[in-house]
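Peer 1: Work out the full structure: start from the sequences and follow the hints.
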Amino acid sequence: MAFPDTPLGTRVELQAGGVWTDVTADAYTRDPITITRGQPDGATVADPSRCTVTLNNRDGKYSPRNPVSPYYGVIGRNTPIRVSVPGTESYLALDGTTLSGAETPDHASLDITGDLDIRVEAEVTDWRGTYNLLGKWGVAGQQSYRLQVGSGQLYLLWSTDGTTLSFENKPIPATLPRRAALRATLDVNNGAGQYTAEFFTAPSLDGPWTSLGTVTDGAAPTSIFNSTATVKAAGFTAGFVGRVFRGEIRSGIGGTVVAAPDLRALAPGATAWTDTAGRPWTVIGTAQVSNRIARFVGEVSSWPPRWAPSGQDVWVPIEGAGVLRRLGQGKKALDSTLRRRLPSRAPLAYWPCEEDQGATQAYSPLAGGSPLTVSGWAFAQDDTLGGSSPLPVIAPGGTMRGRVPAPAVASTVWALCMPYRVEGAAPGVEQEMLSWTTSGTIRRWRVTMGASGTHLYGYDAAGAEALNQPVVTGPNLFSGWWRLEVVASQSGSNIAFRIGWTKVGGGATSFGSTVTGTVGAVTNIDTAFGPGLPDIRIGHLTVWSSDVIAPAYDSADKGFDGETATARLARLTTEESSTVRISLPPGATSTPMGPQRPDTLLALLQQCADSDIGVLAEDREAPALVYRPRELRYNQTPRLGLDYAAGDVAPPLEPVDDDQLTRNDRTVTRVGGSSGRAVLETGPMSVQAPPNGVGLYDDSIDLSLASDTQPEQIAHWLLHLGTWDEARVPTVRILLHKRPALIPAFLALELGDRIQIVNTPPWLPPGPIDLIVQGVTETLGIRTWEASLTCVPAGPWQVGVYDSATLGKAESDGAQLTSGITSTATSVSVTTPTGPRWTTDPAEMPIDIVVGGEEMRVTAISGTSSPQTFTVTRSRNGIVKSHSAGAAVALARPAVYAL
1 MAFPDTPLGT RVELQAGGVW TDVTADAYTR DPITITRGQP DGATVADPSR CTVTLNNRDG
61 KYSPRNPVSP YYGVIGRNTP IRVSVPGTES YLALDGTTLS GAETPDHASL DITGDLDIRV
121 EAEVTDWRGT YNLLGKWGVA GQQSYRLQVG SGQLYLLWST DGTTLSFENK PIPATLPRRA
181 ALRATLDVNN GAGQYTAEFF TAPSLDGPWT SLGTVTDGAA PTSIFNSTAT VKAAGFTAGF
241 VGRVFRGEIR SGIGGTVVAA PDLRALAPGA TAWTDTAGRP WTVIGTAQVS NRIARFVGEV
301 SSWPPRWAPS GQDVWVPIEG AGVLRRLGQG KKALDSTLRR RLPSRAPLAY WPCEEDQGAT
361 QAYSPLAGGS PLTVSGWAFA QDDTLGGSSP LPVIAPGGTM RGRVPAPAVA STVWALCMPY
421 RVEGAAPGVE QEMLSWTTSG TIRRWRVTMG ASGTHLYGYD AAGAEALNQP VVTGPNLFSG
481 WWRLEVVASQ SGSNIAFRIG WTKVGGGATS FGSTVTGTVG AVTNIDTAFG PGLPDIRIGH
541 LTVWSSDVIA PAYDSADKGF DGETATARLA RLTTEESSTV RISLPPGATS TPMGPQRPDT
601 LLALLQQCAD SDIGVLAEDR EAPALVYRPR ELRYNQTPRL GLDYAAGDVA PPLEPVDDDQ
661 LTRNDRTVTR VGGSSGRAVL ETGPMSVQAP PNGVGLYDDS IDLSLASDTQ PEQIAHWLLH
721 LGTWDEARVP TVRILLHKRP ALIPAFLALE LGDRIQIVNT PPWLPPGPID LIVQGVTETL
781 GIRTWEASLT CVPAGPWQVG VYDSATLGKA ESDGAQLTSG ITSTATSVSV TTPTGPRWTT
841 DPAEMPIDIV VGGEEMRVTA ISGTSSPQTF TVTRSRNGIV KSHSAGAAVA LARPAVYAL
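Residue numbers for the sequence shown follow my numbering, beginning at 1 and rising by one.
Hints are computed from structural coordinates only; laboratory data are not their basis.
Treat the hints with care, as some may be off.
[What the hints assert, rightly or not] Within a straight-line C-alpha distance of at most 20 Å, the following computed SDA-like cross-link-like pairs (lysine to any residue) qualify:
1. Lys809 / Val896
2. Lys809 / Ala748
3. Lys738 / Ala748
4. Lys738 / Ile782
5. Lys738 / Arg663
6. Lys503 / Ala464
7. Lys881 / Thr871
8. Lys170 / Pro105
9. Lys61 / Gln15
10. Lys809 / Thr869
11. Lys809 / Thr834
12. Lys738 / Gly647
13. Lys809 / Ile782
14. Lys170 / Thr130
15. Lys331 / Leu602
16. Lys61 / Thr79
17. Lys503 / Leu602
18. Lys503 / Gly453
19. Lys503 / Ala462
20. Lys809 / Pro796
[To be verified] What follows is a list of derived Cβ distance ranges for each label pair:
21. Gly878 / Arg179: 30 to 38 Å
22. Asp657 / Thr175: 31 to 39 Å
23. Ser151 / Ala860: 31 to 39 Å
24. Thr88 / Val880: 37 to 45 Å
25. Arg783 / Asp59: 25 to 33 Å
26. Trp20 / Ser301: 47 to 55 Å
27. Pro396 / Ala898: 50 to 58 Å
Quick reminder that beta carbons are idealized off the backbone N, C-alpha and C, glycines included.
Peer 2: Put into structure tokens, the structure is as follows:
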């Protein structure tokens, strides 16, 4: 019962020993392949994706512990699995390997020295990466022109002499989809003694092109060097993971096409072809011409053998899971941001002081580091430093002592940093805050602080005072968290020293001077906190052989408080690159977050999505996560259009008018801060008892937010989502094997995309059904391919756009029909008891309104006082009916303020 080579062309592959191996022939027909990803119905968090496949195991090859299996030792727990189907076009598949792509030899037509136009249509998971797209660019001395993406910018590079680099760039828009066309033009002489570069994007190479802006620069025109380099599509450096579909190089802006690599119609596996401009192309490196579209990439965690009692049938039902499953298995919390950051900067000594209650010393996480012996310390008492786990409270007179190892490389600089917070008023008499010893002329250094100021003292080997430097400071150094910083370096025959304070999350102040002597190296921390100090909290004490205090502590000391959700996702996934990577659109704005506290990686990532009300899910084509910010869920163009009357939607299509998503009393609490509440008091979805409302549906959520102004705003947006008055369509079923024309759009469909069903049956509400896809289940049989989409209404995500003809109109509350109208009346009297009157400006027409479920188009309004007369076109949505006096008049699509 093998899975034959079917028209559907589903392929199952295992990565055995690091090589993808096709095992499709061993998949059983009795058990279709099932793939599930995204959020289940009504959930707000994505589940790990799942893929079930049954493999024929009569010869025991899929028993990992079978020594005679050809896969013995190379399959087992977490073996990668990939399921793909053939797409409708081919592409150049790139795996990130250096010098992989396609190239064509140098030719006279490619020797462009004047105006240039270069275009590429490609697909990547992350436009923040660096991708060399297309160009004529060789070694130094043989460089001409190149189109490149780097860190969310589109670059055009060229050289006037083959070596010297010139470039211009523009930011790539945040809304750019994974597959897009990019273009740059260069006018080498714009007629004003300068050159001009312009940048564009488009859905495909066919356009339409949207300009990203021009750059006019240079005190003189430019030119392009005539090199002998080949022209490459990708193939320059490492790191390009994605697809190239086609490209163009034109001599002149919009001019003659001199190279046009187009892979869409090539046979999978092709290694050479000639383009329409006559240029011969060859695939190079590990690049491949492919048409495969992955539907699932994951890991097989178990291989349970199954067999019939007769032994005639033996099989293995394997289940692949996405990366979320493995991340969810891990329970170890990531350390605090300071604990993660500081060791990576190579301090000589480091004591986090994050021990649990009951500890009697502070350990050092550095290799070979000695503990800090203490007295008068109560650990794990203060959790107010954003970048730390709870820190100790030190009683007046407490002590700390610790050895500092010598630097591996002799240095003429040393530095210390001690974050601290004093709970109470500054003492009237200066008290010891920090003391340490060195091997230099000044053997012992002391810092004392109080309401009267600060002193930095130094004592020589005999104990005599060698430095007494007063520093004018104020009592504000005893309010909140500060970093006490001392730096010393050799300056000729003097020690140049600086003492300073940096407010955590704020400004800094410092004082510097010199004293005769040699600087030496720090050897010990030896501090007895002044008995006149109030309780003091310290933590993350470090000693350095260079002055790296600011870059080591900045932002990490406050737990990256104020960092946006997308920035935190990017930082976390960069720090944990061996575990997970994530795709983020460049330039997208998102919610500012509060301090990052210790938690598991998955929990921290989900915090970002929760705070931003975005979508965090698995990438279907890589063992990775993808994130869709809230901003990119607004006002989407439908990615997939379905025609009910044409049979695009398989039965059953069952709208549900229930309360699963209803929430009309919402409270949002900032973790560590205040709360905001939003309640819908009136209307059909309000907290009032039926029939005036639906009754109370309340909830509360804690979010990581940067300020107390955010909870109320977010609560109102969540209230908007939870009181959207529309029936749900929880599931949309599509039989793709019967509707193959839908396959290209379906293959491009991502979680969070909008779909639209038109020509719905007359027994449903009029107009198209607009939905957001939250989950997808695919069932792949021998000759069948069924998709079931889990959806929520898209209406709440249509938000106001300033000066838009359809999304830019505000509503006047309480408008109603002055008198009843027939089903054919085109002149309507409207009374507005409160609020502003409806506009009479012809420039604002037409205005779409809804009365009693019937949509009408207003073409003119007369009268400046209530009532006003509307001239209307009736039955815009197919509803034909009369209406009684007092019927509500509302905008069909009123502007909604986005969060």
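Peer 1: Hint by hint, work out which the structure violates, then give me just those numbers in ascending order.
Peer 2: 2, 5, 6, 8, 13, 17, 19, 23 and 26
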